[in-house]
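For the protein sequence lines, the chains are A and B, in the order given. So that you can map any letter, position 67 of the first sequence is 67 in the numbering used here, and since no number is skipped, the others follow by simple counting. So that you can map any letter, position 45 of the second sequence is 45 in the numbering used here, and since no number is skipped, the others follow by simple counting.
These are computed hints drawn from the structure, not numbers from a lab. Since the model is a prediction, treat every value here as computed from it, not as a measurement. Treat the hints with caution; some may be incorrect.
Below, in silico cross-link-like pairs of lysine to any residue (SDA-like), each with a Cα-Cα straight-line distance of 20 Å or less [as the list claims (entries may be wrong)]:
| # | chain 1 | residue 1 | chain 2 | residue 2 |
| --- | --- | --- | --- | --- |
| 1 | A | K45 | B | N91 |
| 2 | A | K45 | B | D93 |
| 3 | B | K84 | A | T376 |
| 4 | A | K45 | B | D120 |
| 5 | B | K84 | A | D319 |
| 6 | A | K45 | B | K54 |
| 7 | A | K45 | B | L43 |
| 8 | B | K84 | A | G350 |
| 9 | A | K45 | B | H126 |
| 10 | A | K45 | B | M1 |
| 11 | B | K84 | A | R351 |
| 12 | B | K54 | A | D319 |
| 13 | B | K84 | A | R322 |
| 14 | A | K45 | B | A2 |
| 15 | A | K45 | B | K84 |
| 16 | B | K84 | A | P321 |
| 17 | A | K45 | B | F123 |
| 18 | A | K384 | B | N91 |
| 19 | B | K84 | A | K70 |
| 20 | B | K54 | A | G375 |
| 21 | A | K70 | A | K240 |
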Amino acid sequence: MTSYAKSREMLFGGEIVFLTGVFLSHTLNLLKTPLHEFHVSQGAKMVDFAGWNMPLLYRGIIAEHQHTRKSASVFDVSHMGRVKFTGPDAMKFLNHLLTRNIAGAAVGQSLYSLVCNENGGVLDDVIVSRLEKYHLMVCNASNRLKLLAWFDRHRPGFDVQIQDETMQTAMVALQGPKVIELLDAVLPEPVAGLKRYHCMMQRYMFIPFTVCRSGYTGEDGVEVICGNSAALMAIKFLLKSDGQGTESLVQPAGLGARDTLRLEAGMPLYGHELSVTVDPISAGLNWAVAKDKDFIGSKVLAELVQHGTPQKLVGLLIDSPRTPRQDMTVLAGGKPVGRITSATASPTLGRTIAMAYVQSEFSEPGTAVEVDLRGTPLAAAVTKLPFYKRAG
Amino acid sequence: MASPTDRFYTETHEWIKLQGERVLLGITRFAVDELTDVTFVELPAIGKTLTVGKAFGEIESVKATSELYAPVDGAVVEVNEAVKNDPSTINQDPYETGWLVAVKTGPVDTSKLMSAAQYDAKFNIH
């Protein structure tokens, strides 16, 4: 078998951070989340992801994937960045940097948004929640330092305080059709009434936490942020709440399942579908780009909306048990027309699926293309995203 | 878990088990754990010649694709259809039901291969 370093790189698209010319290798001093002890006790296979030592899997990626689709899974996502914005200009500042118009957001609303540069290139995709006293941004682990530097650069002229709370807090995602019912049996305030992309603050035994009805799996569920010290207790409590063992409704799931779940749900992953060389319009995220305000990148994006983009993100249904990998070429009539960004053997569909950027003329659903798997052409058909949509 | 002591190992995580004039060939538990769930395996047809150190097949998982390298010279005399039909057999049991191919060889020079103890020491397996 070949070197696994290469496989790892394919796995998560090379998580190396460039910060003002300093090359920070992530192989040294890996960060640990407050749930590290839990992962180790559960026998998780740990990998290094964006500088963090994270669980790739506990029992198996496919088993964890399937459990999430039918029951409930808990994912440690504490590696993601959590940044708090306060001060009189916080909203104005965020509106200058984000593609969504957050001035219209009510308290308790969470918005998916992009952060773009002046050319419309995506610096990150984030979720910003408007809470009573501040705005809270959740960003990708691999982009956190880059974003903090970007915010610092654009802060002059705004009365805003930016506080990186990543190291003081933990974040877990609870995902699956049984999550809401399960939470409502234990939480003081029901979350069933919380609308999708809305958030609330709660207390449980004097411990405050934030709950957002959101996720990255295509299932119903929540993402919970709490203090470091409460996290380990909370996760143990959750897993015990309906009996322990493999029959338990709630099972831990790792980054491996998180990736296959989000791919079936057609959700982009930074470093794969999104990057600084890609704009949100090509990525199919026009809906997350406000047309009624100016922000960094808005001019370029408005033109792309008006004139169309030369390439588009599409789904591919691949007619082979083989799995293409990132950057493999998409062909039409023997000519290159695009590139694969992500692919997997879909556990839910029982077939190979991929996302790819293709020239816009080949982006219509039903278009026949091929994927060049190192010389072997795999027949594929363009399809609409997502691949999987939950019932209801 | 320690690797089985009745076979030899390569640095690229293949194992061979000597069976008279032929060897059974597979990949190690360590390799399988690195790959995660195996979804596809491409193996050579019966009669195909293997050359030491050269790629003879590919294995794909939910997370990665890897090439398989021949630990011995020889000709393929049997292919494990069970792993082709159900690649998860390799995850379940890489040393017994999850073998890949049987190869007819001359006398095998095992001096270039590792014992279980050497392999486990090299990759910190216990």
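Hints, verified against the model:
no. : hint           : result
1   : A:K45 x B:N91  : 15 Å, holds
2   : A:K45 x B:D93  : 18 Å, holds
3   : B:K84 x A:T376 : 18 Å, holds
4   : A:K45 x B:D120 : 18 Å, holds
5   : B:K84 x A:D319 : 17 Å, holds
6   : A:K45 x B:K54  : 30 Å, violated
7   : A:K45 x B:L43  : 28 Å, violated
8   : B:K84 x A:G350 : 16 Å, holds
9   : A:K45 x B:H126 : 15 Å, holds
10  : A:K45 x B:M1   : 14 Å, holds
11  : B:K84 x A:R351 : 16 Å, holds
12  : B:K54 x A:D319 : 29 Å, violated
13  : B:K84 x A:R322 : 12 Å, holds
14  : A:K45 x B:A2   : 17 Å, holds
15  : A:K45 x B:K84  : 26 Å, violated
16  : B:K84 x A:P321 : 11 Å, holds
17  : A:K45 x B:F123 : 15 Å, holds
18  : A:K384 x B:N91 : 33 Å, violated
19  : B:K84 x A:K70  : 28 Å, violated
20  : B:K54 x A:G375 : 18 Å, holds
21  : A:K70 x A:K240 : 19 Å, holds
Going down the numbered hints, you'll see the structure goes against 6, 7, 12, 15, 18 and 19, while the others check out.
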